[in-house]
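**Student:** Take my numbering: the final residue in the sequence shown is number 285, and no numbers are missing along the way.
Hints listed in this document are in silico derivations from the structure and should not be mistaken for laboratory results.
Bear in mind that the values here come from a model prediction, so they are computed numbers and not experimental data.
For every residue, glycine included, the Cβ atom is placed at its ideal position computed from N, Cα and C.
Please note: incorrect hints may appear among the correct ones.
[Stated by the list, open to error] Label-pair distances were calculated between CB atoms; the ranges are:
| # | residue 1 | residue 2 | range |
| --- | --- | --- | --- |
| 1 | 157 | 267 | 16 to 22 Å |
| 2 | 200 | 127 | 28 to 34 Å |
| 3 | 265 | 69 | 16 to 22 Å |
| 4 | 191 | 232 | 30 to 36 Å |
| 5 | 100 | 77 | 17 to 23 Å |
| 6 | 267 | 93 | 26 to 32 Å |
| 7 | 267 | 177 | 14 to 20 Å |
| 8 | 168 | 98 | 23 to 29 Å |
| 9 | 168 | 111 | 32 to 38 Å |
| 10 | 265 | 102 | 20 to 26 Å |
| 11 | 98 | 192 | 30 to 36 Å |
| 12 | 68 | 252 | 18 to 24 Å |
| 13 | 100 | 265 | 37 to 43 Å |
| 14 | 59 | 201 | 34 to 40 Å |
[To be verified] Derived DSSO-like pairs (lysine-lysine); straight-line CA-CA distance at most 27 Å:
| # | residue 1 | residue 2 |
| --- | --- | --- |
| 15 | 258 | 194 |
| 16 | 224 | 112 |
| 17 | 278 | 258 |
| 18 | 162 | 247 |
| 19 | 247 | 112 |
| 20 | 40 | 224 |
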Amino acid sequence: MKGVILAGGQATRLYPLTLVTNKHLLPVYQKPVIYYAIEKLVGAGVDRIMIVTSPNHLGSFVDLLGSGQNFRSKKSGKQIQIVYGIQNAASGLADGLYIAKDYIGNESCILYLGDNIFEDDISKHVKNFKSGSLVFLKEVADPERFGVAEMDKKGKVVGIVEKPAKPKSNLAVTGMYIYDKTVWKKMVGQKPSKRGEYEITFVNNKYIKEGSLRSVILKKAWFDVGTFDNLFAASEYMKKKNAKDIR
39 MKGVILAGGQ
49 ATRLYPLTLV
59 TNKHLLPVYQ
69 KPVIYYAIEK
79 LVGAGVDRIM
89 IVTSPNHLGS
99 FVDLLGSGQN
109 FRSKKSGKQI
119 QIVYGIQNAA
129 SGLADGLYIA
139 KDYIGNESCI
149 LYLGDNIFED
159 DISKHVKNFK
169 SGSLVFLKEV
179 ADPERFGVAE
189 MDKKGKVVGI
199 VEKPAKPKSN
209 LAVTGMYIYD
219 KTVWKKMVGQ
229 KPSKRGEYEI
239 TFVNNKYIKE
249 GSLRSVILKK
259 AWFDVGTFDN
269 LFAASEYMKK
279 KNAKDIR
């Protein structure tokens, strides 16, 4: 399985911090945001990763991460592989994933939105993945801000709605997804949404329609650091966590 980390976007909600840099390069306590994504994937056994970003920020990511020489494989102890893809415009998550099509080839892949930080261990989900798709859900107090999973009585996802005015559950779809090799075919025929983007929800609903989408409800902390409050909360959390580790 290969990984794709999406690290583009203008991050206007974090202006002026992001006027001269990418939000994934901002610090969360003692590490850049992007480190948490890479370390989560490497910890789950994913050693080949493409980072997709905008052309004006590519050089900064290369300066920071290089080819992955500062990260070691959990399996071999050797350097992981980091390569780069360029998304010329903010045209959606599905478009960002499609840029990695040739790199992924016929393998499964894990799509990770780089401004998300997860505390749950995802190793078993990566190891046990066979086919279809897997989404990671989290109970939230304000589901109307997210893509929301609609569940049946058996706890199966029967639909995903982007930022619904009246959410049918409090389960937000977080920024991490696992897909099999059929994901590319499921992108065919998609038209841009009202906001001019190719949405990953379109792809997820294709899997739902064929009955091959499964879900996991996360139990530990999850942060989407796209706002000042969340960026600060994540830093505070990591500061406390590291203080405990030091003791």
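**Student:** For the pair we were handed, residue 278 and residue 258, check the Cα-Cα distance against 27 Å.
**Tutor:** Since the Cα atoms of residue 278 and residue 258 sit roughly 15 Å apart, the hinted pair holds (cutoff 27 Å).
**Student:** Could you say whether the range 37 to 43 Å given as a hint is met by the Cβ separation of residue 100 and residue 265?
**Tutor:** violated (27 Å)
**Student:** Check the following: the C-beta atoms of residue 100 and residue 77 are separated by a distance inside 17 to 23 Å.
**Tutor:** holds (19 Å)
**Student:** Would you say the C-beta atoms of residue 98 and residue 192 sit inside 30 to 36 Å of each other?
**Tutor:** At roughly 46 Å between Cβ atoms, residue 192 and residue 98 fall outside 30 to 36 Å, so the hint is violated.
**Student:** Could one say that the CB atoms of residue 267 and residue 93 fall in the range 26 to 32 Å?
**Tutor:** holds (30 Å)
**Student:** Hinted pair, alpha-carbon criterion (27 Å max): residue 258, residue 194. Please report holds or violated.
**Tutor:** holds (21 Å)
**Student:** Does the Cβ pair residue 267, residue 177 satisfy 14 to 20 Å?
**Tutor:** This hint holds: roughly 19 Å between Cβ atoms.
**Student:** Within 16 to 22 Å or not, the Cβ separation of residue 157 and residue 267?
**Tutor:** Distance hint for residue 157, residue 267 holds at roughly 18 Å.
**Student:** Quick one: are residue 265 and residue 102 within 20 to 26 Å, going by C-beta?
**Tutor:** holds (23 Å)
**Student:** Falls inside 32 to 38 Å, the C-beta gap from residue 168 to residue 111?
**Tutor:** violated (22 Å)
**Student:** Could you check the hint for me, namely that residue 168 and residue 98 are 23 to 29 Å apart, CB to CB?
**Tutor:** violated (37 Å)
**Student:** Taking 34 to 40 Å as the hint, is the beta-carbon distance of residue 59 and residue 201 inside that range?
**Tutor:** Check failed, 27 Å falls outside 34 to 40 Å.
In summary, the numbered hints that this structure violates are 2, 8, 9, 11, 12, 13, 14, 16 and 19.
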